[in-house]
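**Student:** Each chain is listed here by its residues.
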Amino acid sequence: MTSTVWITLGQVGLLLAALALVHAPFGAYMARVYASPRHTRAERAWYRLVRVDPDAEQRWSTYLFSLLGFSLASVLLLYGLGRLQEHLPGSLGLPGLDPDGAWNTAVSFTTNTNWQWYSGEAAAGHLLQMAGLAVQNFVSAAVGMAVAIALVRGFARSGTDARVGNFWADLTRGVVRILLPIAAVAALVLVANGVVQSLDPHTAITTVEGGTQHALGGPVASQEAIKELGTNGGGFFNANSAHPLENPNPLTNLLEIFLLLVIPFSLPRTFGLMVGDRRQGWAVLGVMAGLWAVAVGLTTWAELAGPGAAPAAAGAAMEGKETRFGLAASALFAASTTGTSTGAVNAMHDSLTAPGGGVVLFTMLLGEVAPGGVGAGLYGMLVLAIVAVFVAGLMVGRTPEYLGKKIGRGEITLVALYVLTTPAVVLVGSALAAVLPAGLDGIQDAGPHGLSEVLYAFASAGNNNGSAFAGLTVSTPFYNTLLGLAMLIGRFVPIALVLALAGRLAAQRAVPASAGTLPTHRPLFVGLVGAVALVVVGLTFVPVLSLGPVVESLS
Amino acid sequence: MTTTSVPAPTVASGLAALWRHSLAGLRVLLAFTVLLGLAYPLAVTGIAQAVFPWQANGSLLDAAGERTTTPADAAGSARLAQAFTGPEWFHPRPSAAGDGYDSLTSGGSNLGPNNPDLVGAITERRAAVAAAEGVDPAAVPADAVTASASGLDPDISPAYAALQVERVAAARGLTSHDVRELVAEHTVGRTLGVLGEPHVNVLRLNLALQGLG
Chain C
8 MTSTVWITLG QVGLLLAALA LVHAPFGAYM ARVYASPRHT RAERAWYRLV RVDPDAEQRW
68 STYLFSLLGF SLASVLLLYG LGRLQEHLPG SLGLPGLDPD GAWNTAVSFT TNTNWQWYSG
128 EAAAGHLLQM AGLAVQNFVS AAVGMAVAIA LVRGFARSGT DARVGNFWAD LTRGVVRILL
188 PIAAVAALVL VANGVVQSLD PHTAITTVEG GTQHALGGPV ASQEAIKELG TNGGGFFNAN
248 SAHPLENPNP LTNLLEIFLL LVIPFSLPRT FGLMVGDRRQ GWAVLGVMAG LWAVAVGLTT
308 WAELAGPGAA PAAAGAAMEG KETRFGLAAS ALFAASTTGT STGAVNAMHD SLTAPGGGVV
368 LFTMLLGEVA PGGVGAGLYG MLVLAIVAVF VAGLMVGRTP EYLGKKIGRG EITLVALYVL
428 TTPAVVLVGS ALAAVLPAGL DGIQDAGPHG LSEVLYAFAS AGNNNGSAFA GLTVSTPFYN
488 TLLGLAMLIG RFVPIALVLA LAGRLAAQRA VPASAGTLPT HRPLFVGLVG AVALVVVGLT
548 FVPVLSLGPV VESLS
Chain P
124 MTTTSVPAPT VASGLAALWR HSLAGLRVLL AFTVLLGLAY PLAVTGIAQA VFPWQANGSL
184 LDAAGERTTT PADAAGSARL AQAFTGPEWF HPRPSAAGDG YDSLTSGGSN LGPNNPDLVG
244 AITERRAAVA AAEGVDPAAV PADAVTASAS GLDPDISPAY AALQVERVAA ARGLTSHDVR
304 ELVAEHTVGR TLGVLGEPHV NVLRLNLALQ GLG
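Protein chains in written order, with this note's numbering: chain C, 8 to 562; chain P, 124 to 336.
Isolated chain C (complex conformation) (with noise of 0.2 angstroms):
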């Protein structure tokens, strides 16, 4: 036991060596890249060729408009790529999505969620991976960064009319600058480690007993790095990044849990350098770090006592888990991944233990914050942030500041509609889901197993995380069309409140900090930020994990 317990250590130490290697070169970096007023020349022709101005500096409202044109253009694309796959080259003669397929899959992509009701080898055809769902992988990415930029903007500027940037530049850069060099790179240290990348179809081959089997061809590490690096997770195969062709050995196990942490863990850093205050990105980071840490040790703890009838049937918590990766590889991915927002898995999570499963849920529940998708959580955790402010000013009566900000009326409506709209999406659509028999039809565990399937699937959606307890199934017009809407409510409600908060906050003039402001770079602070995130998403949640995950662990 003790070995165990050197080994999950030296793992995580490992992965938190590499993140705390880069994370204030890169957090800087990505700073330069949204600060920066120059163009590249190659960036320039780009935006002559698409007809865009990359300088005028756009209102809050503007900036909107433009994500969500884009975001338009992006769902109807995918949505014809997907209904159109038979007649477009690569499909490998798979047919076109249904109406319903097609619409989940648009959304789940364009939203940065992921979530799939179909099997990646069984459903998709190279062309629809690679130029519809990968393409979403990057620019969903950069569109959730691209928001909590501007945010970070709206508190460092001070008096302008409301002016938060340029999404277009913002957009680009995100991209070029940061997501496409990274994601080229890791690719192909993907490739070499045993990745496929190829456009061959899968193939017929007769194994050695004589029997059938399909060797695989698919633009599979390509999509990979960027499924990891911009906290997607649709995963080319249906088994994610527990199919071995996905994530071959510990190594890239790794790898991709790195690149999956790397952004939202850096971003902090990006945003202490542009309000002028790297204590206030120590702060954000350690909230973030500290829900993370508490979630990998719990699920870490679960697995490896493997409670339940089915591991104490096997011996351990094996089941739906790889030999390669085994336990604690298993749980670390599972708390990574649910706590970016990102939804790869490299185990099955609906055959997680019972605390396990539950703790990973919550940590979806969370927001997303721990630490989040990229950009999705640095804004996430500035809203609780200015939750944690607006609490301690009630209680000394005074008007909360945040960073020089006062938050009024104003900003903390917007803040309260941004905490009130993914527990509404969630607890409405798993009702929903509870008592129509569209969606008990779905359930595969009966009792409290079925209702944690389905509380998972909607908090997986309207958090835009996109893993799933998989043996609910999904692929029905029902559960289709209402997780897309689910998605589609979680993410773009949320970025609307984001960018009118970051607007009201960029026109505020700064207030110098007067003895009587609460510092919010200091422990007392964030211990503050992750009680009340806790606090918040436990009073809203804990009657519904009663009746699910936790019924289950008590069994």
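Since the hints were derived computationally from the structure, they do not count as laboratory data. Any given hint could be a false lead.
[Stated by the list, open to error] Far from chain C, by Cβ distances over 10 angstroms, these chain P residues were calculated: (1) 135; (2) 256; (3) 258; (4) 270; (5) 272; (6) 285; (7) 289; (8) 297; (9) 301; (10) 303; (11) 334.
[As the list claims (entries may be wrong)] Cβ-Cβ distance ranges computed for the label pairs, FRET-style: (12) C:545 to P:170: 43 to 53 angstroms; (13) P:315 to C:550: 41 to 51 angstroms; (14) P:186 to C:43: 38 to 48 angstroms; (15) C:27 to P:189: 35 to 45 angstroms; (16) C:549 to P:316: 40 to 50 angstroms; (17) P:154 to C:44: 17 to 27 angstroms; (18) C:12 to P:153: 45 to 55 angstroms; (19) P:308 to C:83: 34 to 44 angstroms; (20) C:199 to P:135: 31 to 41 angstroms; (21) P:134 to C:199: 29 to 39 angstroms; (22) P:301 to C:188: 45 to 55 angstroms.
Note that CB positions come from ideal geometry on N, CA and C, so glycine has one too.
Given the coordinates of chain C, work out where chain P should sit on it, guided by the hints.
**Tutor:** Just chain P, lined up with the frame of chain C:
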């Protein structure tokens, strides 16, 4: 601070603005589709095929255990489990992929930790493995009785490999010592001492068995 007068937004002006921005969005998206959806994956494919052709084409092995990139020559992929049922072979883990080891339907059972069907399946597998190997049911390790996440897990634990040595040796007329040595040669430890778990690749091991006679 300059105050510009902004006309009050109406539904019509909002829709008009959204339309304008959507057209710009479509232009940007199409350009990104060419860059990220074609140029990037094709460039990675080109480099991968030139530098790592074996890996990029699925890590295929022929019947002699040699690397190949031609599916027609291949007996399997070193990274994908395939069915082995005969007594002269090491057996992989149970698979929930399609009817078993179907690489077009990867995935796990997704059965919950207290699912009675899963508990039943585990109990049955334990009895079956114990009978096949002639050992006490309690000696059967967890990976032998649980379906993997991918259904294509190419590896088994060293414990499960050790359990199968006697049967394989008897079926092939080899000494269990020789087979055990071969298993040891094919056992991969933890990467960097802390990553993952020790494992044995079943296809590589089985192909190497043929070399023993």
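**Student:** Evaluate each hint against the coordinates.
**Tutor:** Hints and how they fare:
1. Under the 10 angstroms C-beta cut-off, the non-interface status given to residue 135 of chain P relative to chain C holds; the minimum distance is some 14 angstroms.
2. Non-interface status of residue 256 of chain P relative to chain C is upheld: no Cβ of that chain comes within 10 angstroms, the nearest being about 15 angstroms off.
3. Residue-level check passed: residue 258 of chain P sits 14 angstroms from the nearest beta carbon of chain C, beyond 10 angstroms.
4. Consistency note on residue 270 of chain P: stated as away from chain C, yet its beta-carbon is not over 10 angstroms from all of that chain's, at 6 angstroms minimum.
5. The claim that residue 272 of chain P lies off the interface is violated: its Cβ sits roughly 3 angstroms from the closest Cβ of chain C, which falls inside the 10 angstroms cut-off.
6. No Cβ of chain C comes within 10 angstroms of the Cβ of residue 285 of chain P; the nearest lies about 14 angstroms off, and the non-interface call holds.
7. With a cut of 10 angstroms on Cβ distances, residue 289 of chain P stays outside the contact zone with chain C, its closest approach being about 21 angstroms.
8. Every Cβ of chain C is farther than 10 angstroms from the Cβ of residue 297 of chain P; the closest lies at roughly 18 angstroms, confirming the non-interface assignment.
9. No Cβ of chain C comes within 10 angstroms of the Cβ of residue 301 of chain P; the nearest lies about 20 angstroms off, and the non-interface call holds.
10. The beta carbon of residue 303 of chain P sits about 19 angstroms from the closest Cβ of chain C, which is more than 10 angstroms, so the claim that it is off the interface holds.
11. The Cβ of residue 334 of chain P lies farther than 10 angstroms from every Cβ of chain C, with a closest approach of about 14 angstroms, so its non-interface assignment holds.
12. Look at residue 545 of chain C against residue 170 of chain P: about 49 angstroms separates their beta carbons, and that is inside 43 to 53 angstroms.
13. Checking the proposed 41 to 51 angstroms range against residue 315 of chain P and residue 550 of chain C shows it holds: the Cβ atoms sit about 44 angstroms from each other.
14. Roughly 58 angstroms separates the CB atoms of residue 186 of chain P and residue 43 of chain C, a value that falls outside the hinted 38 to 48 angstroms.
15. Between residue 27 of chain C and residue 189 of chain P the C-beta distance comes to about 43 angstroms, which sits within the given range of 35 to 45 angstroms.
16. For the pair residue 549 of chain C and residue 316 of chain P, the beta carbons lie near 41 angstroms from each other, so the given range of 40 to 50 angstroms is met.
17. Against the hinted window of 17 to 27 angstroms, the Cβ-Cβ separation of residue 154 of chain P and residue 44 of chain C comes to about 23 angstroms, which satisfies the hint.
18. Under the hint 45 to 55 angstroms, the C-beta atoms of residue 12 of chain C and residue 153 of chain P, about 53 angstroms apart, fit the expected range.
19. Roughly 56 angstroms separates the CB atoms of residue 308 of chain P and residue 83 of chain C, a value that falls outside the hinted 34 to 44 angstroms.
20. For the hinted restraint 31 to 41 angstroms between residue 199 of chain C and residue 135 of chain P, the CB-CB distance of approximately 56 angstroms leaves it violated.
21. Restraint check, residue 134 of chain P to residue 199 of chain C: a C-beta distance of roughly 55 angstroms breaks the suggested window 29 to 39 angstroms.
22. As the Cβ distance of residue 301 of chain P to residue 188 of chain C is approximately 51 angstroms, the hint placing it in 45 to 55 angstroms holds.
Against the hints set out earlier in the document, violations occur for numbers 4, 5, 14, 19, 20 and 21.
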